[in-house]
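In order, the protein sequences belong to chains A and B. Residue 497 in the numbering used here sits at position 497 of the first sequence, and the numbers go up by one each step. Residue 189 in the numbering used here sits at position 189 of the second sequence, and the numbers go up by one each step.
Because the hints were derived from the structure by calculation, they are not lab data. Please note: incorrect hints may appear among the correct ones.
One side of the interface only, derived from the structure: several residues of chain B facing chain A at Cβ under 8 angstroms [to be verified]: (1) Val69; (2) Lys70; (3) Met71; (4) Thr72; (5) Val141; (6) Val155; (7) Ile170; (8) Leu174; (9) Ile175; (10) Ser178; (11) Leu181; (12) Leu182; (13) Tyr186; (14) Tyr188; (15) Phe189; (16) Leu472.
To give an idea of the chain A side of the interface with chain B (calculated C-beta under 8 angstroms), a few residues [unchecked claim]: (17) Val388; (18) Ala406; (19) Asn437; (20) Leu475; (21) Phe483; (22) Pro486.
All figures in this text were calculated on a predicted structure; none of them were measured in a lab. C-beta atoms are modelled at their ideal positions from N, C-alpha and C, and glycine is treated no differently.
Spelled out, the chains give:
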Amino acid sequence: MWWQWPHWLPLAVLVPLGGGVVTPAVARGSARRAWGWAAGVSAATVAVSLALVIRVARGGPFSYAFGGWQPPYGIEFRFDEVSAFAFVVAFLGALAIVFSRQYAPHALAEPRVPYYYTLLLLDIAGLIGFSVTGDLFNMYVFMEIVSLTGYALVAISGERIAEMAAFKYLVLGAVSSLLALFGIGMLYGVTGTLNIADAASRLGAAASTMPVIVAVALLVLGFMVKAALFPLHVWLPDAHAIAPSPVSAVLSGLVVKLGLVGMLRLYGVVYASRAVDLSSLNWLLTWLGAVSIVMGAFFAIFQDDIKMMLAYSTISNIGYIVMGFGLASQYALVGAAVHIFNHALIKSALFLAAGAIIYQTGYRRLSDLRGVGRGMPLTAAALSVGAVSIVGIPPTAGFLCKWYIALGAFEAKRAAFGFALVFGALFIFVYYIRMVNAFYFQEPVHADVTHVGDPPLSMLVPVWILAALCLIMGLAGKVPLTFVAPAVSRLLGPLGG
Amino acid sequence: MGAGAEVLWMVPAAVFAPLAGGVAAAFSGSWPEARRRALLAVVSVVTLVLAGSVLARVTAGDDMSVRLVKMTPQVWIHLRVDALGALYGAAAAGLWLLALVYSFGYMADEHRLSRYYAFFMLSLAWTVGVAYSGNLLTFLVFYELFSILTYPLVVHEETPEALAAGTKYIVYILIGGSLVLLAIVYTYFLAGGQDIGAPLFDASVPRSQLLVVFWCFLAGFGVKAALVPLHGWVPDAHPAAPAPFSAVLSGMMVATGTFGIMRVVFNVFGVRLLAELGVMRVVAGLAAFTVVFAAVLAMHQDDIKRRLAYSTISQMGYVTLGIALLDPLAATGAIVHVANHAFMKGALFFCAGLIIKRMGVRSVSELAGAAKRMPVTAAAFALTSLAMIGTPPLAGFVSKWYLGLGILESGQVAYIAVLIGGALLAGVYLLPIVYRMYFREPAPIAAGSPLAESGSSEAPATMLMPLAAAVLLTVALGLCTTPSWSPLQIAKAAAEGFFR
Chain A
1 MWWQWPHWLP LAVLVPLGGG VVTPAVARGS ARRAWGWAAG VSAATVAVSL ALVIRVARGG
61 PFSYAFGGWQ PPYGIEFRFD EVSAFAFVVA FLGALAIVFS RQYAPHALAE PRVPYYYTLL
121 LLDIAGLIGF SVTGDLFNMY VFMEIVSLTG YALVAISGER IAEMAAFKYL VLGAVSSLLA
181 LFGIGMLYGV TGTLNIADAA SRLGAAASTM PVIVAVALLV LGFMVKAALF PLHVWLPDAH
241 AIAPSPVSAV LSGLVVKLGL VGMLRLYGVV YASRAVDLSS LNWLLTWLGA VSIVMGAFFA
301 IFQDDIKMML AYSTISNIGY IVMGFGLASQ YALVGAAVHI FNHALIKSAL FLAAGAIIYQ
361 TGYRRLSDLR GVGRGMPLTA AALSVGAVSI VGIPPTAGFL CKWYIALGAF EAKRAAFGFA
421 LVFGALFIFV YYIRMVNAFY FQEPVHADVT HVGDPPLSML VPVWILAALC LIMGLAGKVP
481 LTFVAPAVSR LLGPLGG
Chain B
1 MGAGAEVLWM VPAAVFAPLA GGVAAAFSGS WPEARRRALL AVVSVVTLVL AGSVLARVTA
61 GDDMSVRLVK MTPQVWIHLR VDALGALYGA AAAGLWLLAL VYSFGYMADE HRLSRYYAFF
121 MLSLAWTVGV AYSGNLLTFL VFYELFSILT YPLVVHEETP EALAAGTKYI VYILIGGSLV
181 LLAIVYTYFL AGGQDIGAPL FDASVPRSQL LVVFWCFLAG FGVKAALVPL HGWVPDAHPA
241 APAPFSAVLS GMMVATGTFG IMRVVFNVFG VRLLAELGVM RVVAGLAAFT VVFAAVLAMH
301 QDDIKRRLAY STISQMGYVT LGIALLDPLA ATGAIVHVAN HAFMKGALFF CAGLIIKRMG
361 VRSVSELAGA AKRMPVTAAA FALTSLAMIG TPPLAGFVSK WYLGLGILES GQVAYIAVLI
421 GGALLAGVYL LPIVYRMYFR EPAPIAAGSP LAESGSSEAP ATMLMPLAAA VLLTVALGLC
481 TTPSWSPLQI AKAAAEGFFR
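Okay, chain B solo, but in the shape it has when bound:
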């Protein structure tokens, strides 16, 4: 069913609203802080409302398609939203709103705020653009903008470590981006058109060329999705970046790589062709290795943000595994895990940021007794850790349940061990943090520090609010799984569409 012109404007508006907000923020250097915050909050809420309405329209069956500008004589910059893109866009808008509100408190005493907010809002625009891309050229445009223009956020601290992490980030991301570019050019050459929808390739294309295109795509998106061994930038970029940006970096940006892999698997090649090619077994093996390997490495990290970064690599391995099984239930699990993971990891990074900011420690070994000083933060961390491990009835359980069903249905039963092993390892690297916070005695407080007077270093309400919202969402995402507007049902519908 085609949507009328009266609602189609929502699609470009969801991309251009944060874009305009970012441009305004760039020139907000001399504004009073309150005005900048108000403007950005309004823009962000508007974006969320637009993305939510688009999601509602798409699940109601509307065809949301808008052509913007003809970039080459053959190809338009074209936005077209399907269920997968709509869900991804709405999750991004939600997480960005939380991270923005969190930034108001977290970044208050940081430098160069207009630059930070400008690129922060722009990165939301590019992410929504990626989600709503209607063809591969549009996808490439937003994907590259998104990869390159987040560099200023990664190096925001301007310390030598941040610059080194930024260089590593940009080199990895550019190599990945170049592979994606080549794969898209090759796809265009072989299949033309390139509108995202029904699979572009069929069996008439020679197998060798299909394999070249597939591995180019997979290596390119694999860098972004932190598929081992292409994950090197993730553990460095996260600790270097400011915490609210780490939250979206882990929650949504790494997931963009897996979103790209979904597009390749479901919309470029199609599940049938890939089943014939037989490459997905290799991808599944890589993904399973990623899950376990990154989780083992996470156990040995003392820097809390670095530990969480490895956790992201491990969790994204689950998503890739879910795609690679080529099974509708596993794909449902993969899609919904992107949304669930966004808010779980967002909440964890919010907590890590509060701990770093308020207690001045970054290493796990110094966290002893933190629950006494920051009770709310510690409780949020504990609850989200359980969700991340996959404890019912929290968000992480839902996605892992579907992944498990998919593994059984596709008959590759060995991966059950990976699924459960990964969850156990998540317990091993997350729960000791909780244990230290609650059951170890705090180190004595140095006399004269602000802590000594109040005895508490709990964060102000402005920063606790987005954290609480993210935690509530992880609970809600675990509990509300049956209404038609719940991410799980949307993911199910999207997955069924791909396997029809």
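Bound conformation, chain A alone:
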């Protein structure tokens, strides 16, 4: 079958990488040509990563050895169920690029637009590479590609406040990358290999556990800064709120997940080797996850800027996932892994819808946006669907994670965290109720808001594809849940659970 061709795996990274690099040359200064090329490249990436997902669903994980040099000596790409994140990246990246058709020329200076698409495609390439690599050092390389393009994308509008946000993001991002690099270096020192599978088998034979503990601590710290877990979140709200909306969708939906996918890889190595006992780390992560849920929601309540609110909401949702990691039971990890995918869908729907509203009205504060439900009925409805989903109202996509992580908390005999999770979600609802009230039920402040009309189709279609997926992925929750279950079983298997 077509999806069995082995070279799809490197192509999933090389297509957006190569396509991104040549975008300015193809565009020759025209924003329209740049968009056409970027959309084509991202569509091809979606097709390639779909082939990979089909292959892993049919036959389980598989590897690709570059140049025929077998691992652990050659460079290895390895595609397992967690790597299916690559497909979500490609899909959401494509929608963000489609959305940018009218948005980018509006938000950026015209000559910058081709470079904007270059950065977006490189970001996608880096994220896909990070999820499929089987090599510790390449993880760092792809992480840096993602981070560097991320800084540039936040700053690209050229406004002073954007440069400040990008700088804050850059400083913390660089520190976290460095921590992760030290961690990888120490693991290399202990095991003498950079291949992830090889490291997992050798780590158990380490002469001393202290360096391993330090390496794990450094990596976890690095990844958690990337994931913006409270209290390491300080860089996130400004960067995500100030970036152009399609970029916000990519940053909030996908880029923060890099730290979480990295955590899953790290867990894979450490659990399999049983080199160190992670229960105290997991205890800490569970607590930080719970605190993150509540604090993210708490800060969001005080925001008037709609994108700032969504940015803080990301911190809450990262809290869910990290809490799931920390509970370390089958249900909780399945819920956390599925929420990595689902949150990406939901948050992209929210950011893109918010972007469309900002594009049409020119306002971004809730107090200015009163009555926009009348002016932009379809967009506001999509945003409401996203809001209902992220709060976790059944039967939407966000509900699955609550159901599974709460079950996981009972399974791990830590029922109190189930309560924390469910009641944390209530805080989240408070600010979405404010948003819904402003959109639909409060007296408009600006008369023009109530008759601006819905945005062009290039924005409305991606927004509604995502909003529909928020519903469908909840009702068809069986599909992602069964898909990731084998990966979680493999991960927890060595623990004898």
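Once you have looked at the hints, place chain B on chain A.
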């Protein structure tokens, strides 16, 4: 006996028909009013016919079970109708139809009608879904949709008071919903499966965990069922909402909480296990307190809709009391009181809406002489008040008779005082309204108002028709209690099933 595929489609159809109607209504903004009304009326009648046929099938002994979609690898979205659910669904479809027809007249000059009708029809879909849920996850899905997506109806007026009431509503309901979610997750963890039918728990589960699950369920559903002290949202939400929605809010939505409690008591724990746990005495005490406390508060309300809202809290206390006695006769009374109360309270709110709309007054003290201006409305109010108090042979009497029998049979005789006291208090808070309407002289009419010319402010026939239908139903529900299709007999059969 399993039902053939040729009738099973009725079960999902009863949920999806109003759902489709609601979606159509959302896009009906530019339609002529007549077309929208015709469509919604047809959808609503179809729903009632479907719910009625399902009820007939279920009482004939058919097993109506349909699996829709597999939401997680273990659990389906699954509809399965038993006698309790079928009765509840049919009562909901009936009340919604009346309230819809009433809306045609009442809402005619209101704003944003497409939104109103869309969420109104959707709320019927969720209610029928709750009634027909075949397992706890499905129940949760419909219950939450129903709780959240009625928010636009509560705040429909968009006044600051309505928004404040809406915030209160959503906070109470979400906290309750979260407790229900936790309880259902815990139940799933402890007992798995979760198909509604035979009790899920047995005595092998540790007592402490059973108690946690039980109180989570009870607190969660107690918010919806307006069990004191969790009732705070009810008196604010009712006056803020439009009258036809107040009618279904009071008639069916608050009752959904008691429906949830019935599911927990009869299908999750089972009466035997609960009798062993000994928690139901506490619940009965709470319910009795609710009956009296809310009735006393109702006496002091001047806003007529607020008074009726407190009356709902009090009446739902009766239902919870009937469940908590763990006696088949009391349970019969509780189940049938849900159906009876739906139409009685519906009729009362229809009257309140007419008075507010036509006379422009909301407070009881301004109602003097209303019977002269609105004779039909006043007569309907008087008759329904008597039914609510429990005067034979009207609907309220039937349910209270069975509650009384249940109290005596279960030996907790002290609750007879609550039963009778509650009925007396209902007289104290309802009959003064009737007295004022009939036996006080009306205030002089301001010259130049439309009233001055005709002397009457009686509502048009479109709004009186659903009111008359609701009143006739309260009479009929009191008179027809012996045929096998009467709510009382169905409730009896359902209750016997739970105590077998």
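Here is what the structure says about each hint:
At about 5 angstroms, the closest approach between the beta carbon of B:Val69 and any beta carbon in chain A falls short of 8 angstroms, and the interface hint on this residue holds. Given hint, B:Lys70 at the interface with chain A, holds; its Cβ is 5 angstroms from that chain's nearest Cβ, closer than 8 angstroms. Interface hint at B:Met71: satisfied, since its Cβ lies 5 angstroms from the closest Cβ of chain A, which is below the 8 angstroms cut-off. Restraint check, B:Thr72 versus chain A: the minimum CB separation of about 5 angstroms is within 8 angstroms; hint holds.
Because the smallest distance between the Cβ of B:Val141 and any Cβ of chain A comes to about 4 angstroms, under 8 angstroms, the interface hint for this residue holds. A cut of 8 angstroms between beta carbons decides the hint on B:Val155: the least distance to chain A is about 5 angstroms, and the hint holds. A cut of 8 angstroms between beta carbons decides the hint on B:Ile170: the least distance to chain A is about 6 angstroms, and the hint holds. The interface hint given for B:Leu174 holds, since its Cβ lies 5 angstroms from the closest Cβ of chain A, which is under the 8 angstroms cut-off.
With 8 angstroms as the threshold, the beta carbon of B:Ile175 comes within range of chain A, its nearest partner Cβ sitting at about 7 angstroms, so the hint holds. This hint holds: B:Ser178 has a C-beta 5 angstroms from the nearest C-beta of chain A, less than the 8 angstroms allowed. The interface hint given for B:Leu181 is met, as the beta carbon of that residue sits about 6 angstroms from the closest beta carbon of chain A, less than 8 angstroms. This hint holds: B:Leu182 has a C-beta 5 angstroms from the nearest C-beta of chain A, less than the 8 angstroms allowed.
Because the smallest distance between the Cβ of B:Tyr186 and any Cβ of chain A comes to about 6 angstroms, under 8 angstroms, the interface hint for this residue holds. A hinted interface residue such as B:Tyr188 counts as satisfied when its beta carbon comes closer than 8 angstroms to some beta carbon of chain A; here the least separation is about 7 angstroms, so the hint holds. With 8 angstroms as the threshold, the beta carbon of B:Phe189 comes within range of chain A, its nearest partner Cβ sitting at about 4 angstroms, so the hint holds. Restraint check, B:Leu472 versus chain A: the minimum CB separation of about 37 angstroms is more than 8 angstroms; hint violated.
Taking 8 angstroms as the C-beta cut-off, the interface hint given for A:Val388 holds, the closest approach to chain B being about 7 angstroms. Against a cut-off of 8 angstroms between C-beta atoms, the interface hint on A:Ala406 holds, since the closest Cβ of chain B lies about 4 angstroms away. Below 8 angstroms, beta-carbon pairs count as interface contacts, and A:Asn437 has one with chain B at about 6 angstroms; its hint therefore holds. Nearest Cβ of chain B to the Cβ of A:Leu475: about 5 angstroms, under the 8 angstroms cut. The hint holds.
Interface hint at A:Phe483: violated, since its Cβ lies 10 angstroms from the closest Cβ of chain B, which is beyond the 8 angstroms cut-off. Evaluation of the A:Pro486 hint against chain B yields a violated restraint, the C-beta minimum of about 12 angstroms exceeding 8 angstroms.
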